[in-house]
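Student: Residue-level listing of the chains:
There are 4 protein chains.
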Amino acid sequence: MRYTTAGESHGPEEIAVIEGIPAGLHITQADIDEQLARRQQGYGRGERQKIETDTVTFLTGVRHQLTLGSPITLNVHNDDHNNWSKIMAPDDPATSENTLRKVLRPRPGHADLVGGMKYRHHDDLRNVLERSSARETTMRVAVGAVAKKLLSEIGVDVHGFVVNVGPAKSDLNDLTKYHDLNELRLVTESFPTRALSAEADAAIREVIDQTKRNANTVGGQVQVMATGMPVGLGSYVSADTKLDAKIARAIVGINAFKGVQFGGGFDNAEKFGDQVMDEIFWDEKRGFYRGSDNLGGFEGGMTTGEAIVVRGVVKPIPTLYRPMQSVDIDTHQDHKASIERSDTTAVTAAAVIAEAMVAIELAKAVLDKFDADNIDRMKEQVERYRDEIRSF
Amino acid sequence: MRYTTAGESHGPEEIAVIEGIPAGLHITQADIDEQLARRQQGYGRGERQKIETDTVTFLTGVRHQLTLGSPITLNVHNDDHNNWSKIMAPDDPATSENTLRKVLRPRPGHADLVGGMKYRHHDDLRNVLERSSARETTMRVAVGAVAKKLLSEIGVDVHGFVVNVGPAKSDLNDLTKYHDLNELRLVTESFPTRALSAEADAAIREVIDQTKRNANTVGGQVQVMATGMPVGLGSYVSADTKLDAKIARAIVGINAFKGVQFGGGFDNAEKFGDQVMDEIFWDEKRGFYRGSDNLGGFEGGMTTGEAIVVRGVVKPIPTLYRPMQSVDIDTHQDHKASIERSDTTAVTAAAVIAEAMVAIELAKAVLDKFDADNIDRMKEQVERYRDEIRSF
Amino acid sequence: MRYTTAGESHGPEEIAVIEGIPAGLHITQADIDEQLARRQQGYGRGERQKIETDTVTFLTGVRHQLTLGSPITLNVHNDDHNNWSKIMAPDDPATSENTLRKVLRPRPGHADLVGGMKYRHHDDLRNVLERSSARETTMRVAVGAVAKKLLSEIGVDVHGFVVNVGPAKSDLNDLTKYHDLNELRLVTESFPTRALSAEADAAIREVIDQTKRNANTVGGQVQVMATGMPVGLGSYVSADTKLDAKIARAIVGINAFKGVQFGGGFDNAEKFGDQVMDEIFWDEKRGFYRGSDNLGGFEGGMTTGEAIVVRGVVKPIPTLYRPMQSVDIDTHQDHKASIERSDTTAVTAAAVIAEAMVAIELAKAVLDKFDADNIDRMKEQVERYRDEIRSF
Amino acid sequence: MRYTTAGESHGPEEIAVIEGIPAGLHITQADIDEQLARRQQGYGRGERQKIETDTVTFLTGVRHQLTLGSPITLNVHNDDHNNWSKIMAPDDPATSENTLRKVLRPRPGHADLVGGMKYRHHDDLRNVLERSSARETTMRVAVGAVAKKLLSEIGVDVHGFVVNVGPAKSDLNDLTKYHDLNELRLVTESFPTRALSAEADAAIREVIDQTKRNANTVGGQVQVMATGMPVGLGSYVSADTKLDAKIARAIVGINAFKGVQFGGGFDNAEKFGDQVMDEIFWDEKRGFYRGSDNLGGFEGGMTTGEAIVVRGVVKPIPTLYRPMQSVDIDTHQDHKASIERSDTTAVTAAAVIAEAMVAIELAKAVLDKFDADNIDRMKEQVERYRDEIRSF
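Chains as they are written, first to last, in full-length UniProt numbering: chain V, 1 to 392; chain R, 1 to 392; chain A, 1 to 392; chain G, 1 to 392.
The set of hints was computed from the structure by calculation and includes no laboratory data.
Hints are supplied without guarantee of correctness; some may be wrong.
[As the list claims (entries may be wrong)] FRET-style restraints, in silico, Cβ to Cβ:
id, chain 1, residue 1, chain 2, residue 2, range
1, R, Q275, A, H77, 43 to 53 Å
2, V, N83, A, D376, 26 to 36 Å
3, A, D171, G, Y289, 34 to 44 Å
4, A, R101, G, E189, 50 to 60 Å
5, G, E189, R, A94, 25 to 35 Å
[To be verified] Short derived list, chain R residues pointing at chain G, Cβ under 7 Å:
id, residue
6, I15
7, L59
8, N127
9, A307
The model shown is predicted, which means the values in this text are computed figures rather than measured ones.
Yeah, the Cβ is synthetic: ideal placement off N, Cα and C, and Gly gets one too.
Could you build the full structure based on these sequences and the hints that come with them?
Tutor: Shown next as structure tokens:
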């Protein structure tokens, strides 16, 4: 399985093409729209989410709600393109009229300046920021929805929620209250902040409101958990076969993410060996299992069968309504940075995006090991493999 | 540029093959041995480092100390193999004699159990742990030495050091004392712990000594910095073109690493936008530059030209001399885990390994953008590109 | 540069996404439509080409007729989908009504049977043949048009024509009449068969007409030539870095192609060394050059600077109006194969498709070696490299 | 599965590293040496084959004759290096003494000139020809031997032989005499030319002898056949998933190969549809099968279950003892090309090399679809899949 996304923020369409999904997977546009809606609903999102409701259309690869085995194209139309049809016109030559709204004052923390240098977009940094935009994550969530559907066929569940926004934090001890990710999902999705409790939700909303009043933005952390993965996906044999490393790349590759950790993560820096390892037990019914999950579901870059626990950190959004110091690329004069419409925080949406990225990497790992041509054959192989592992 | 490592911990040889290094790069075995020695010298390493001194041999791809453009093979002989020549014999059939020293009690936190399940190494988990071993990092350091040599040709310097081991910490404010990485290198390499100061060094040694007395192991953090990278390597255009994401994968792909962050990293979770972004300035001589480096040298997954700052966290070594609870895979009876010869902490060596991995990713990024056939042509292109960026 | 195509023959849309095209390349929808029209115009094509005229729309990656550096999505609408909107509906569940027109009698020579087995499309082999269809080549020609545009910026021209259809042949000695590929293009594109001369054109039309009267199909050969490529693209250093080998894959990867050769190709089997090699000369103005081009522009898997000459063979179309022996996959009874609307020969279109595939591989090779971020920077680098090679 | 080869013709070692071979495959150095010997034994090979007998050593990845699942390193020592130890010294600086035997007169048809330009090896074209040498194919044969061993575990056999050398030809109708590839192997390997019959063998030897007397070289064709492949490997869904296309790349990627074809290949150019397709039949015991194998075992880029038939053409060796016209790269004066020790024809060895390359691609395809972690699990999956296909 591999995928590509394409699309500019105010261009006509957002596109994703996914190759290597087995034939016979049942999937509907509604399955994907449900995830797209989650991405749009986070507290602290700005106006754009009210302008348009993202819905997907299958352009290729699906027939009668079943995948064909051929490449799948997902399409989300940018409703807002109507307001930008001249400025973002693909096939009209540039004119004095359609090159208004140029961006010449790069925003610190965004790709504007470096992207302009790299691609020689000296005329208009819009050519950078139209792609280097949170809008692109729409299609990652769409691809992630397909991955989640595939994983659900073999009993793998994936869920993301918000750990903290600025100083307001969820209490992670609350996680022990829930028997499975579905119970957890019902709780965190009931809050507009995706926090773990009503108290945390209220505190986070208060931080966001206050930040907005300050014309500022704020960072936070999200956590993604996955249960039910077969044991032994990924491998220790080479640097680039480790599955946790692939997930690290997927998370840091999301706009604004500045770090990632697994299980206890950075807390390991102050721990001793006997506090960290997950001891090994065995019983007739379950086979081998662990007494804890300090390592976040990975040993040697491979899934252990315990819950996968991934944490990511999201920096504050760099587009400030009280802009920072910049320089006009035309005149080389100091100026405040450009203002593009933006949100107060991306953390609540980031939980959904990180969940999608983890789902994509897990689905890839499953399809690397098991038959990727037909979903039922894949399921049969997974089932046999699980029996084998249980009787090790 | 791509590379592969191969080799078992007590097998005859460790091997790395590197493809795509330009012709004409001056490199000697001594250049690599110097880095291998650094890896072996960290405080807290165990007995093996005293048994053998790693030295590399060029098997292919280098002639008269110049790369040929063809694949380069690096070879480090395992001196310790003499003691294991029957047990690890590649081409002898298994006999009752050469299958002694079986490992049947998997160590929690190591790849033993899961690796055994995945590859069906039910007879002997040694088949897993011989590869899933810190020994493998020898060759990553060797490959990293080639990458560092290449980077040095265009004025890129890369250096790793130790932030903390358990509760004993370097004071990162000390970093401001040094004008460049070479000054920093002279300091941190003067300490057996690779700490930032004599005080930190003493404190860290004390922690390691105490941990060893406790028959325990301990985790820590390392930091890698790189200066002089051309602006605009990596790209925002796709999830998998971001250079910071590739580095994240490279770091988490090192044995025992459980997390990675860039610049302020996880501190961003409690920060507001105006505290985080690196404001933009311009002057005639330097062109565009920043007033700070909070983002660790990356915007939009691209190098900004500021110093790259990567932090990784290393979990305690899972092989304890006071072993944890495990289960014999033959009898399914509870047992303490196996004991393999091991160190008290891997953090001091991890700084060198992480440095190598960052160097490899940076070299790849340079060779992706610039001519990868001849080193002088590459340098000419880099020079012209830097002029172009400076006059943006 | 990498690309993906997607789309079913009677589905709503054909899609291609291209990543890695430099920013700043001027390209219009008309540039692509011109190539799509060429694909549709060959003699011997059937009814479908009269139903619809393919035109492309840029969905992403292009603004004001300039590439942005971000992924480019090309879209060709299947006009014929109107007649198939229920049968090929992506998001409607299967019903008794929309599952008519099932294909259960696989056509020998097509992917129907094997594809059905592989993907478990036992219910309806249409799920195979909708993708394994000449329709898919539309998007390869579209991607090839972008590649050709990029190549034209550095003076590389690529052209494909028809060598023979069945027993009717072009005389390849006629090639010496033309000074460059553009002259050749004017001639071959003036004939509906893409032959090299009026005589050959007439003979080929006669063969096609006769074949059609026989309710049969017929094979042939096409040749693609490319001029102006920089010297030294591709490499001898590894099996998978040879550029001629990549082109071989691209050609055999086209539907119905059963072989490929370079320069003298299979004639080499009966030749002696002194008849084959291209002797080396030098003069002040041109630098090194050859006295002949027997090797088709490649030595050691690298471009020599001489014209690239690639020949491909196209098997007869497997869909016969007088169908061959097959078996119903439901009943296991012998039956004649299904009949889908089809052409008499694909050779005339295949010249355009093969040309596109060669252009894609050449563009990839150029972008591998030179800057792939901005078209002007790429051109500057190519120019300097050519100067260097000339003064070798 | 992926692999890399490394090594210069007169350097100390030839190396190959193979990743992704399942654990538990039984393999010995003798298995590989047997194939290396075949490569050295062809009629028409020159002196080098008498100087040294290639034997492999496992450096990594194999223990007690079983693969570990970790990367496998194969090593063949260049005995001839003793005579070149100064001139090819990796870690000595260049001196007046060790830079003798420079090559400055590029041989037409070899990579010398273009390679020199690309990598700026202006000082000594030996830096090119040491890698761009038939010596490199040693390691492909070694890797192919591992692939063949893996394939033999699931009943896939692969064999290559010589079709013709110059005007002397095997009669391919003789193929029908043999029930399986092993019978065929016994015949063709009994002849020093790998021809199909004693008559053809004698004729080919006569051509080679005569060519040698003429100080010339000669080309030819080889054919590789494979039986027993599971149905449905490779795919029609994308240009780069077709297995025949991958094989085409593998064949043309061998030194001196100028073309490749499948089944009837270029004969298709003059055929009509009803002469070409392989009609479909079914019986209770075998399931679906074909009445012929005109398409060489592929439909839609997928294996049909019929024998795979691949033909490649080998150009005459470009190193002539009566050298062709060239130019000294130092003086730009006309000169005859350099003479390096060489053979009269590579065709007899090429059959073994092409066989290896086909085996590698088939093994990759098997490991892409089935479990690649453990050989027994792979075999179990193949077995179940074959049952499924048989009952389609």
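Student: Would you mind marking each hint as holding or not holding in the structure?
Tutor: Evaluated hints:
1. R:Q275 <-> A:H77: 43 to 53 Å: At 50 Å between Cβs, range holds.
2. V:N83 <-> A:D376: 26 to 36 Å: 32 Å, holds
3. A:D171 <-> G:Y289: 34 to 44 Å: Hint holds: Cβ distance 43 Å, inside 34 to 44 Å.
4. A:R101 <-> G:E189: 50 to 60 Å: Holds, at about 53 Å.
5. G:E189 <-> R:A94: 25 to 35 Å: 32 Å, holds
6. I15: 5 Å, holds
7. L59: L59 (chain R) check passes; min Cβ-Cβ to chain G is 4 Å, inside 7 Å.
8. N127: 5 Å, holds
9. A307: 32 Å, violated
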